[in-house]
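Visitor: Work out the full structure, taking the sequences as your base and the hints as a guide.
There are 2 protein chains.
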Amino acid sequence: MERILHFERAEYATRLAAVKAEMSKRGLDILLISEPPNQNYLTGYDAYSFYTPQMAIVALDRHEPIMITRGMDATSSKITTYLSDDSIRGFPDSYVNSTERSAYEYVAKIVQELGGETAVIGVEMGGYYYSARAHADLVKALPQARFEDADLLVNWIRLVKSPAELVFMRQAGLIGDAVINRVTETAEPGVRECDLAAAAYHQEISGTPEFGGTYNSSVVHLCIGERALAPHSTWTDKPLSNNTVINFEVHGTRRRYQINVSRTVYLGKPSTDYVKLADIAIEALNAGLDSVRPGQACSEVFEAFHKVLSRNGIEKDQRIGYPLGIGYPPTVAERTASIRREEKTVLQPGMCFHMMTGLWLGDQSVTITQPFAVTETRYEPLTRTPRTLVVK
Amino acid sequence: MERILHFERAEYATRLAAVKAEMSKRGLDILLISEPPNQNYLTGYDAYSFYTPQMAIVALDRHEPIMITRGMDATSSKITTYLSDDSIRGFPDSYVNSTERSAYEYVAKIVQELGGETAVIGVEMGGYYYSARAHADLVKALPQARFEDADLLVNWIRLVKSPAELVFMRQAGLIGDAVINRVTETAEPGVRECDLAAAAYHQEISGTPEFGGTYNSSVVHLCIGERALAPHSTWTDKPLSNNTVINFEVHGTRRRYQINVSRTVYLGKPSTDYVKLADIAIEALNAGLDSVRPGQACSEVFEAFHKVLSRNGIEKDQRIGYPLGIGYPPTVAERTASIRREEKTVLQPGMCFHMMTGLWLGDQSVTITQPFAVTETRYEPLTRTPRTLVVK
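Protein chains in written order, with my numbering: chain Z, 15 to 406; chain B, 15 to 406.
Where hints are given, some of them may not hold.
Note: identical chains are not told apart, hence a pair may lie in one copy or across any two.
Claimed, not checked - Taking lysine to aspartate or glutamate pairs in the EDC-like style, the calculated list, with each CA pair at most 16 Å apart, reads:
(1) K252 to E16
(2) K252 to D209
(3) K39 to D75
(4) K252 to E224
These are computed hints drawn from the structure, not numbers from a lab.
Fair warning: this is a prediction, and the values are worked out from it, not measured in the lab.
Guide: Right under this line is the structure:
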């Protein structure tokens, strides 16, 4: 069976070494990785199978991770990872949604096989795919082991993208530009909201003529008219009317590397006040971006952005940025550094963020944003569409 | 702000009463509901916001649930739920991805406000959105409460759909038919896999001329050529070649009610053996469907299906069905009844399943399936596309 690997073996080796170094530092013998993006990062594994239990195990003294999935998904391990057969394991289907058996007992057996009965075991306590039950079952099955919270251990390492990863981030950005254009072109009075959303999805997945896209890790947001005030709304069947604000957030996703980007389209003639609000939003966004450089703290970028708002009598308490990278549902956000007040994380070359400077104020809202990578000196925009309010 | 409710208030009241009755039976004072489909079922809440903590609280002695989200998403509570203002709560953004604060402390405060310091509290231990950390934080913040595993309490109630829910399931089925047709028409040699996937997504979301679709709760699966052996693969950029098997699973989703359905398209001329395999798969599927009636156990449906396989020397250990209903990522499956050996759940009118009888055997695979509802006497297919192998 042909393997489909998107990175050199050496890149996976570097990633594994970084994780093991951090494990050593924290005194962990074994790391149980339940988060799909972390599994993908360390093994290449890629399939939409994480709604049943799956686990990558990194043991300090083992040359490569072990990937555990449902039995039928071991085929995906064979196709998408670099792992040898002995490192690919699948549990029987009788473990799926069973009230009698737990797939985490199966995981525990493999930990024992690795000599881990009394090990110090790191688990991703705050992960999306590590339920309270998963933890309880593991603790019960490995009563002599010591469990430590190693949530975000891999995420923090992922925060800085390698040159090979940045290639995919840029391709994702090109797809993102194509999607912005498609939505902007499709939006006009009379078009059903669902048909506008359909056009966005079509473009996200079709990608560009040079390379295809794939599914995003959340949803297209189309926040229209009154619903524009709800940041995480989707769409209805209603036709677009004239004099309507359309705030949309779309994506470009390439080999699971994802960028998010938002724009606002105004159908009709916006009020002077609204245009002024959009101008402030853009000025603040640009001020934030212009302050980006290695060595700068996230909080300083927030302050540069917020200075423009304050000068115009606007307050925004929400974070204005989150990291971008490998995405699986429910979100691409890595849960590490946020661009916000009090965030001390210092920017480094290779970090990628979505500067999500949407403003939702009273009955007005505007969402013009920018995904970017931190370079050796400043920032590189990952999409090239001008940061403007689109009026049509 | 206009409310968008998809069911009568009386329907929500019936659902809440059923949940409270089960809570009473189990001695629970308070139920903390972290699963998005369960939140939607009981309050109407609908937004793609569940990647940050959110919780619906049902207290036995309170007339309606409390819905807790991130502050900015309280707008979605106001638009999409029937709840009064006092039942809509939002936590400050400083709780999001914070290493210092936990949103579950905020949840615990509201439990205290309800007089729940020493209550018996049900939590969804095995849910997708109840992490090991969430549980640990809650237990710490409510040291005198007693926590009980109430996972699937709401899911089992959701298993039987009301007449009003079945209306949406049927609409979802009509969208599913449109998607099958679109994929079948689009598939031909030379078309990139990503463009075929894009067409499927476009149709899923555009829906039909009468009503729109929305995002599905997983992904379109396009398992093509050699990758057809991996059940949960997606797609590549490669153009389709001739003499290729395309196994696809697509969806129809209407107001979050989702059906899944699969078909196999063969581009070129299949071998006699392959056509025979497809015939067996269809005969087995039909035998399973024909055995469906209220009072039948899930295991009996499995046996009716498997008898056809056995007669042809084929074994399948995996489950062949899972429930359909309200879907949010990562999956629509309700984690309750499976159609498989040893499953004692008895079919009742209103239950909906995807009979997912895909066969992956050695180097051959075929996926022809059927979503259905259990009626008063037999079954109602939720899609109308003939159950055949498509050769083109």
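Visitor: Each hint needs a verdict: does it hold in this structure or not?
Guide: Checked hints:
1. K252 to E16: between (46 Å within a copy, 14 Å between copies)
2. K252 to D209: within (10 Å within a copy, 27 Å between copies)
3. K39 to D75: Classified as within; 14 Å inside a copy, 50 Å across copies.
4. K252 to E224: For K252 and E224, the Cα distance is within 16 Å only across copies (11 Å; inside one copy 34 Å).
Hint check: no violations occur; every hint is consistent with the structure.
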